[in-house]
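From first to last, the protein sequence lines are chains A, B and C. Going by our numbering, the first sequence runs without a break in its numbering and finishes at 156. Going by our numbering, the second sequence runs without a break in its numbering and finishes at 286. Going by our numbering, the third sequence runs without a break in its numbering and finishes at 338.
Because the hints were derived from the structure by calculation, they are not lab data. Note that the structure is predicted; figures quoted are calculated from it, not measured. C-beta atoms are modelled at their ideal positions from N, C-alpha and C, and glycine is treated no differently. Heads up, a few of these hints could be off.
[To be verified] Simulated restraints on C-beta separations: (1) PHE306(C) to PRO270(B): 57 to 63 angstroms; (2) TYR88(A) to ASP250(C): 37 to 43 angstroms; (3) ASP112(C) to CYS191(B): 52 to 58 angstroms; (4) ARG95(B) to THR275(C): 32 to 38 angstroms; (5) ASP97(B) to MET113(A): 33 to 39 angstroms; (6) ILE195(B) to GLY39(A): 54 to 60 angstroms.
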Amino acid sequence: MSTQTESKHESAGAAGGFEPKITAFVCNWCTYAGADLAGTSRLKYQSNVRVVKLPCTGRIDPHFIIKAFENGADGVLVSGCHPGDCHYTSGNYHARRRFTMFRAMMEFLGLDMDRLQFSWVSAAEGGKWTKVVDDVTNKVRNLGPNTKYRELCEND
Amino acid sequence: MTDNLRKLARELLESGKASVVIGYGDATLPGRTTPVFITSAAEADRLVWNEHCLNNLAVYLSSRKFKTDGKIAIVAKPCDLRAIINLVQENQVKREDVIIIGMVCSGMKDNDSGKPLEKCNACMEHVPKNCDEIIGDPASAPKPADPNAEFISLEKLEAMSPDERWAFWSKEFSKCIRCYACRQVCPMCYCTQCIAQKTQPQWIPSSQTPKGNFSFGMFRALHSAGRCVSCGECERVCPVGIPLNLLTAKMRKEIREKYGYEAGCDPDAPAPMCNFKPDDKEDFIR
Amino acid sequence: MKKVDKNKLGELMQAVLDAGKELIAPVRQGDHTAYARIKKPGDAALDILLTRMPLKEFFLPKTECLLKYTNLEGGGVEVSDPDPLNQERVVFGARPCDASSLPIMDKVFTWDYNDSLYLARRDKTTIVSIACESPAASCRCESVGISPSAKDGSDVLLTPIGDAYTVDAVTEKGEKLVALWGSKLSDASDADAAKAAAFKPALPGHQTDTASLRGKLKAKFETPAWAEQTMKCVGCGACAYLCPTCHCFDIVDEKSGCGGERRRNWDACAFSTFTLHGSGHNPRAEQQHRYRQRVMHKFDYYPEKFGPVACVGCGRCLSACPVGMDIFEIIEKVTADE
Numbered sequence: 001m002s003t004q005t006e007s008k009h010e011s012a013g014a015a016g017g018f019e020p021k022i023t024a025f026v027c028n029w030c031t032y033a034g035a036d037l038a039g040t041s042r043l044k045y046q047s048n049v050r051v052v053k054l055p056c057t058g059r060i061d062p063h064f065i066i067k068a069f070e071n072g073a074d075g076v077l078v079s080g081c082h083p084g085d086c087h088y089t090s091g092n093y094h095a096r097r098r099f100t101m102f103r104a105m106m107e108f109l110g111l112d113m114d115r116l117q118f119s120w121v122s123a124a125e126g127g128k129w130t131k132v133v134d135d136v137t138n139k140v141r142n143l144g145p146n147t148k149y150r151e152l153c154e155n156d
Numbered sequence: 001m002t003d004n005l006r007k008l009a010r011e012l013l014e015s016g017k018a019s020v021v022i023g024y025g026d027a028t029l030p031g032r033t034t035p036v037f038i039t040s041a042a043e044a045d046r047l048v049w050n051e052h053c054l055n056n057l058a059v060y061l062s063s064r065k066f067k068t069d070g071k072i073a074i075v076a077k078p079c080d081l082r083a084i085i086n087l088v089q090e091n092q093v094k095r096e097d098v099i100i101i102g103m104v105c106s107g108m109k110d111n112d113s114g115k116p117l118e119k120c121n122a123c124m125e126h127v128p129k130n131c132d133e134i135i136g137d138p139a140s141a142p143k144p145a146d147p148n149a150e151f152i153s154l155e156k157l158e159a160m161s162p163d164e165r166w167a168f169w170s171k172e173f174s175k176c177i178r179c180y181a182c183r184q185v186c187p188m189c190y191c192t193q194c195i196a197q198k199t200q201p202q203w204i205p206s207s208q209t210p211k212g213n214f215s216f217g218m219f220r221a222l223h224s225a226g227r228c229v230s231c232g233e234c235e236r237v238c239p240v241g242i243p244l245n246l247l248t249a250k251m252r253k254e255i256r257e258k259y260g261y262e263a264g265c266d267p268d269a270p271a272p273m274c275n276f277k278p279d280d281k282e283d284f285i286r
Numbered sequence: 001m002k003k004v005d006k007n008k009l010g011e012l013m014q015a016v017l018d019a020g021k022e023l024i025a026p027v028r029q030g031d032h033t034a035y036a037r038i039k040k041p042g043d044a045a046l047d048i049l050l051t052r053m054p055l056k057e058f059f060l061p062k063t064e065c066l067l068k069y070t071n072l073e074g075g076g077v078e079v080s081d082p083d084p085l086n087q088e089r090v091v092f093g094a095r096p097c098d099a100s101s102l103p104i105m106d107k108v109f110t111w112d113y114n115d116s117l118y119l120a121r122r123d124k125t126t127i128v129s130i131a132c133e134s135p136a137a138s139c140r141c142e143s144v145g146i147s148p149s150a151k152d153g154s155d156v157l158l159t160p161i162g163d164a165y166t167v168d169a170v171t172e173k174g175e176k177l178v179a180l181w182g183s184k185l186s187d188a189s190d191a192d193a194a195k196a197a198a199f200k201p202a203l204p205g206h207q208t209d210t211a212s213l214r215g216k217l218k219a220k221f222e223t224p225a226w227a228e229q230t231m232k233c234v235g236c237g238a239c240a241y242l243c244p245t246c247h248c249f250d251i252v253d254e255k256s257g258c259g260g261e262r263r264r265n266w267d268a269c270a271f272s273t274f275t276l277h278g279s280g281h282n283p284r285a286e287q288q289h290r291y292r293q294r295v296m297h298k299f300d301y302y303p304e305k306f307g308p309v310a311c312v313g314c315g316r317c318l319s320a321c322p323v324g325m326d327i328f329e330i331i332e333k334v335t336a337d338e
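Input sequences plus hints: build the corresponding full structure.
Below you can see the structure in the form of structure tokens.
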């Protein structure tokens, strides 16, 4: 990922306004398929999200989320199979506890919690995917750029 | 108590029940103690017990492993004892390989200020449990503090706005020199390779800059979730005075509230971060 | 020789600021203490006997950029060097031990290569030290041949004489600063000078005769006493990072986006990764070998190469060690006859 290309993209926002960059970490079996369904169903949703596909939410290490923020993400979306539907039986249950703690930690450190969204989107929920993406994009757009992390990294 | 401790140590070493007694001895700086490793009965008089026995000696059972052929006898305050139990739970030490000498503890005092430690004011366990030997009179122990006393320090931060909290932690982590003292004294930080040292890929920048400091401080506390026994060693040893206990206390509070778990209390309890219940709370997931 | 009233130090600091120089002084940051840049004399906490952090970060920062690189679109790389410091600075209220650490570091940074970034910082900085009136139990300066009023490394030394300090310009840089202060200083009498010369506070802590013991270290390289004495070491870097003379560093490339920086970061011989080879082999396999390196470097290898020992006896490593290690006690124990 190059910062030059990224900054060009950012400045290309509609009417010169701020367009957030959202990184979405999704599981292969449910949410990615759900996003695919949204596409094949020709549902429209905002284009701010960049999707990173992983086998399972259980594979999503909080380090991925921090790296996304450090590298300029304004918001992060994590999405996988509904409880009980995990392709690997229990990956999302483990992930749920991990993200519970991680989210508490980030909130305690002072991150705006609207920048970090978790959701369950099944392979059949193309419509829910578009709603989740639109919702997190709108929220982060309202918050503006992730200045906290940018300052942290600029002082680096 | 010192006399009883020395007597017990002599017995353990003379009878061959233990090959070493890990305890506290006088340090060279006045009023301080330092970890000592007693391997012969003749040396047992080097052991001391006083209000400055601050170290959590359980660290010598996990990563800074003491190598010996026989059993290790270890002097443990009730808080340190929980660390040993947690290490047993995590298969880092075999319970039968260790002789735990539990000390009835009425609290420790800061080396510099002489004031009681914050963690001791919030202590719920002055009498050791799950130990093999007890030194001291349980009847003389102070009353346990309110279970929420250890979280009072969190209130100030929790009442702040996110921006204020971010500013608070940015300032604190800017002091970090990445000496890793917090990690090295933590009995639970026994990974042979810490994520902070990994270079390919590098998850945590190694430079002593805000980005890496933030990431390291946060992940160290996150990795302690459900395992931290609140011995407070990380904060005590931090040479630049970062209030690390706030981070670990936050994790303990969440673990208690969400999963009703206290680390190191029950050797047979399943560890919360390696287990789940289908009906775990998930109010933040849409 | 000049002198100045004790309550007039603020005026001297103000004069430094008024002359457009940067002012660095001991400060309190909550419970923590360090040397820091200050904008007004009132922020200085000259009553601190010894700040937790040493002075070295102003000469060898905990992290510093050695070069910047950018991958250019269409190929090629652009490399740029950082600018050396170009701002006059005055450290006001250093302790003689901290000041003494600078000549020790100088020898390393001018040995086989003149380190321009370090030398620029040294060149631009004038050190004003204040002799210590009440040394602490952890003070060990006399163990290494330094005293609470040592001049080495200082450009100006202030020595307490009752309600005033004598002002002793030790170097040319110091003379320039004394000239800047001009009439803010008054002339010291012969009696004042005699008082300053007689200034010799007692050190409450046990002092070790390292001058006679260090010769024995080499022969004791393999003694089992190392293992016994260093058993409790947990392998953190607190001693090295708080040490005014420890100067080991690591060079890393930190990438960000399509460019990055090559950085020099503090490193410490106590870390197991310090000597870890790519193959997985570690020549200093155990903590005892790493701690032995710390002692040998300071009291044998460095003096062999450069003369003095690489320790100023500030005692920070004693008071900050998580497990109460005492490097002087360890020297005594390992060199003791078996």
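Hint-by-hint comparison with the structure:
no.	hint	result
1	PHE306(C) to PRO270(B): 57 to 63 angstroms	58 angstroms, holds
2	TYR88(A) to ASP250(C): 37 to 43 angstroms	40 angstroms, holds
3	ASP112(C) to CYS191(B): 52 to 58 angstroms	38 angstroms, violated
4	ARG95(B) to THR275(C): 32 to 38 angstroms	35 angstroms, holds
5	ASP97(B) to MET113(A): 33 to 39 angstroms	45 angstroms, violated
6	ILE195(B) to GLY39(A): 54 to 60 angstroms	36 angstroms, violated
Checked against the numbered hints given earlier, this structure breaks hints 3, 5, 6; the rest are met.
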